[in-house]
Amino acid sequence: MIAGGVPVRLEEIHVRYPGADRAAIDGVSLSIEGGALVVLLGPSGCGKSTLLRTINGLVAPQSGRILIDGREITGVAPEQLRRGIGYVIQAVGLFPHMSVAQNIAVVPELIGWDAAKIRTRTDALLELVRLDPTRYRDRLPRQLSGGEQQRVGVARALAAEPRLLLMDEPFGAVDAIVRLALQDELRRIHEALGTTMLFVTHDVDEALRIADQIVVMRAGQVVQYGSPLHVLARPATPYVAELLDAADSVRRLQLLRSGDAMRPLPSAGAAAGWPHVDAAHTLREALSRLLDGADCVAVDRGDTVAGVLTFDDVRRALAAAA
Amino acid sequence: MTYLFAHPFAVLQRLGEHVELTVLALVAASAIALPLGIFVAKNERAGRLVLGVLNTVYTLPSLAVFALLIPVLGIGTLTALVALVAYAQMILVRNVAAGLRGVPRATVDAARGLGMTPAQSLWRVELPQALPVIIGGIRIATVTLIALASLAAWINAGGLGVLILYGLQHDDPGRAVTGSVLAAALAIGADTALRRLERRVRTG
Ligand SMILES: Nc1ncnc2c1ncn2[C@@H]1O[C@H](COP(=O)(O)OP(=O)(O)O)[C@@H](O)[C@H]1O
Ligand SMILES: [Mg+2]
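Chains C and X, in that order, are what the protein sequence lines are.
Start counting the first sequence at 1; every next residue gets the next number (this note's numbering).
Start counting the second sequence at 1; every next residue gets the next number (this note's numbering).
Keep in mind that the hints were calculated from the coordinates and are not lab data.
Note that beta-carbon positions come from the ideal geometry of N, C-alpha and C, so glycine has one too.
Check each hint, because a few of them may be wrong.
Under 8 Å between C-beta atoms, here's a sample of chain C residues computed to sit facing chain X [what the hints assert, rightly or not]:
| hint | residue |
| --- | --- |
| 1 | N56 |
| 2 | E79 |
| 3 | L110 |
| 4 | G172 |
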């Protein structure tokens, strides 16, 4: 599978739907690095879907420019443009009369891949989203659980090796546990492929979990654009602070790694009897161990204890991140 | 029904005419109704107008339609065909349009978002999903046409109606009953077969 993602630039985008009394997108400019996973976050009706749909030409802006990989999209036939951009929507939109494999093959067929290549690709994609090809290839969408349908939706969007993937509340319809698993899978896929991903959600925790960068939107405008930690630690307006509940320290702890906050062990063997967390785990998990009654938590890297965390360390890390 | 066993070939000929008339009308009507139904589904306002006109035709008494057509087309099979096609339009167009409108917004959105042209979305996604409803329309139209085709005998267009009409006019109930029973059997058979087809294509 090819890796890499294209940069996307939006310049002063304005969208007003016919008959609407106010703009759905009201002067949005954004510069998205190639290979980034950017989350558009904001309440329902703030224009997230509309912004996404201007990028693949489903909505035509009244003014402004959109550049994908440096090229303006107005010159490209919309169907041509969309076949190069993955698109996943909340309601999944799998075609109920087509098997899983046929659904995944839609775009490769539109662009004329041969049958053998499509079949190889379909199986590889099912593996990528962790569905056993031999079991799932020939099933119909209605024979899948909600989470499995979302996986197929992602596989279908990635089928023709797009270097840009647009996802509109893709995990909105699945339950909380499946949702967490899908978020982890998406991060893994993003790291494996390096595709530029634009992900829409109104769920703050989801945004914080998966984003490299968060775009906070309100009433058709971008109010803040930055890393999750930055947006949480320095909300640009009271609206952002309230939306993200930025005062919630536990939320910020979720963005910090235990391995980054630990101190060296005072002496070898000191960790005997302490609870353990992994260096990759967040400080929230370390705090949870401390609240269970321990004074110190051992931080592991692989099989060895690499450091120690106390209440003070957690507090210091939180202050340093602000 | 004794008439059936006394004159099997005459009955078979009328049955054949009846089927032929129904099938021809159905094929012609479907060929018109498919594009018309697509138009109605895709054009809200103009679509309502089309359905209004078709509905008016549909509510006209069938014998009156035959009567209206005779000055233009004369009597015979062509007139019967035109009348049957006109009647079936309402049912077929309404179902094609309803089937297409019933395709979830999100599905069409996905099709367009993946890069299908409007025509590709229509043929590969929307029509296959509307198929059960469309076949439902064909089923109802078929049953209706089989019944209406019995009236074609009035204008000399053949069919099982000939047996019924002759039987009534010449006090030959056996002949009339044979015609009626066969027409009913034809309608029930077609209904059953199309119901089965409808179920087979239903997905999701
Ligand atoms: N197809 C449409 N026609 C008219 N208005 C629309 C359409 N889609 C969205 N809107 C309006 O545009 C605004 C932004 O909607 P949307 O982009 O869907 O927001 P979000 O995805 O953040 O919930 C809302 O006020 C919505 O009602
Ligand atoms: Mg939306």
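Consistency of the hints with the structure:
1. N56: holds (6 Å)
2. E79: holds (5 Å)
3. L110: holds (6 Å)
4. G172: Status violated, d = 12 Å.
When held up to the earlier numbered hints, the structure conflicts with hint 4 and nothing else.
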